[in-house]
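Asks: As they're listed, the protein sequences go chains A and B.
Numbered according to our numbering, the first sequence spans residues 1 to 158.
Numbered according to our numbering, the second sequence spans residues 1 to 158.
Source of the hints: derived by calculation from the structure; they are not laboratory data.
Don't take each hint at face value.
As the list makes no split between identical chains, a pair holds if one copy fits it or if it spans any two.
Stated by the list, open to error - DSS-like, lysine-lysine: derived pairs with alpha carbons at most 27 Å apart: (1) LYS143 x LYS126; (2) LYS94 x LYS126; (3) LYS143 x LYS94.
Number of protein chains: 2
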Amino acid sequence: MTDTRKFYLDDLHPGLRFTTAEHAVDAAQIVEFARQWDPQPFHLDAEAARRTFFQGLAASGWHTAAITMRLLVTSGLPLADGIIGAGGELSWPKPTRAGDVLRVESEVLEVAPSRSRPDRGMVQMKCETMNQHGDVVQRFLPKLVVFRAPEAPPVPPR
Amino acid sequence: MTDTRKFYLDDLHPGLRFTTAEHAVDAAQIVEFARQWDPQPFHLDAEAARRTFFQGLAASGWHTAAITMRLLVTSGLPLADGIIGAGGELSWPKPTRAGDVLRVESEVLEVAPSRSRPDRGMVQMKCETMNQHGDVVQRFLPKLVVFRAPEAPPVPPR
Numbered sequence: 001m002t003d004t005r006k007f008y009l010d011d012l013h014p015g016l017r018f019t020t021a022e023h024a025v026d027a028a029q030i031v032e033f034a035r036q037w038d039p040q041p042f043h044l045d046a047e048a049a050r051r052t053f054f055q056g057l058a059a060s061g062w063h064t065a066a067i068t069m070r071l072l073v074t075s076g077l078p079l080a081d082g083i084i085g086a087g088g089e090l091s092w093p094k095p096t097r098a099g100d101v102l103r104v105e106s107e108v109l110e111v112a113p114s115r116s117r118p119d120r121g122m123v124q125m126k127c128e129t130m131n132q133h134g135d136v137v138q139r140f141l142p143k144l145v146v147f148r149a150p151e152a153p154p155v156p157p158r
Numbered sequence: 001m002t003d004t005r006k007f008y009l010d011d012l013h014p015g016l017r018f019t020t021a022e023h024a025v026d027a028a029q030i031v032e033f034a035r036q037w038d039p040q041p042f043h044l045d046a047e048a049a050r051r052t053f054f055q056g057l058a059a060s061g062w063h064t065a066a067i068t069m070r071l072l073v074t075s076g077l078p079l080a081d082g083i084i085g086a087g088g089e090l091s092w093p094k095p096t097r098a099g100d101v102l103r104v105e106s107e108v109l110e111v112a113p114s115r116s117r118p119d120r121g122m123v124q125m126k127c128e129t130m131n132q133h134g135d136v137v138q139r140f141l142p143k144l145v146v147f148r149a150p151e152a153p154p155v156p157p158r
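All chains should be modelled from the sequences, with the hints used to inform the complete structure.
Replies: Have a look at this one:
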């Protein structure tokens, strides 16, 4: 996105798509994240990881999630009041590996204005994090709280 | 858990519960995580956060998720071959705030042995991350890949 436009609720419609910049993942990043947040052998040590389910060093799913969020915030989902997620269905069809170059492709699935709060709505998105081969390493279907543009002040009578 | 027992697939059954140790969250941790992974005003600056949806500094949902994972790995879900998640439904009913003390309460909901791979199964869990008031700040319903205990070598005939 080189576009600097910021989106409010009424700017979103099903089928609208966004793509982030890319982020290159290496083994040092995988191990550093895992040491802090998910210290399991298959995320910490390539040799130990060989004898596990992953058959080699794999990033924590939460690392993939964190990279995804940073890409969305910094380059990929320009919501005027920020990306405010209530949650959603999350899956990791394949692990992120050292050497992967990730990007996030997002699509608006549904826009539901709030009945009780006219200033906002809930937006169902699909955010797919892909590697350089086009494999999906994370699929997230978040529900976001998105606000309407503030009303322009009334024009004074002449 | 002071128990050092490690659990395999056949040790799990619906209703089995685990509780982690606790982790105290402060503003510095919230800001540090957000700077790296989710740099939005409501996660970075208490003053700016006041005028947002969160009405005060709030941890990134991904920070809550990362703390949850570390608690599970280090103190709360002693699976013999590690915690290997395929994904699941994730929600953040309330934000984590500075001063919160988090713990995770997990429950086995369903154990489904694999039909094609007799060495493993899928386990549906519910993992609720609670603060010191008992409020749920994250609910995650992960599907985990869990292995059976390796078979004992056959006893030689006498």
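Asks: Indicate which option fits the pair LYS143, LYS126 if close means a Cα-Cα distance not exceeding 27 Å: within, between, both or neither.
Replies: The answer is both: 9 Å in one copy and 20 Å across copies each meet 27 Å.
Asks: Regarding LYS94 and LYS126, is the shortest C-alpha distance of 27 Å or less found within a copy, between copies, in both, or in neither?
Replies: both (17 Å within a copy, 22 Å between copies)
Asks: Regarding LYS143 and LYS94, is the shortest C-alpha distance of 27 Å or less found within a copy, between copies, in both, or in neither?
Replies: both (23 Å within a copy, 14 Å between copies)
When the structure is compared with the earlier hints, no violation turns up for any of them.
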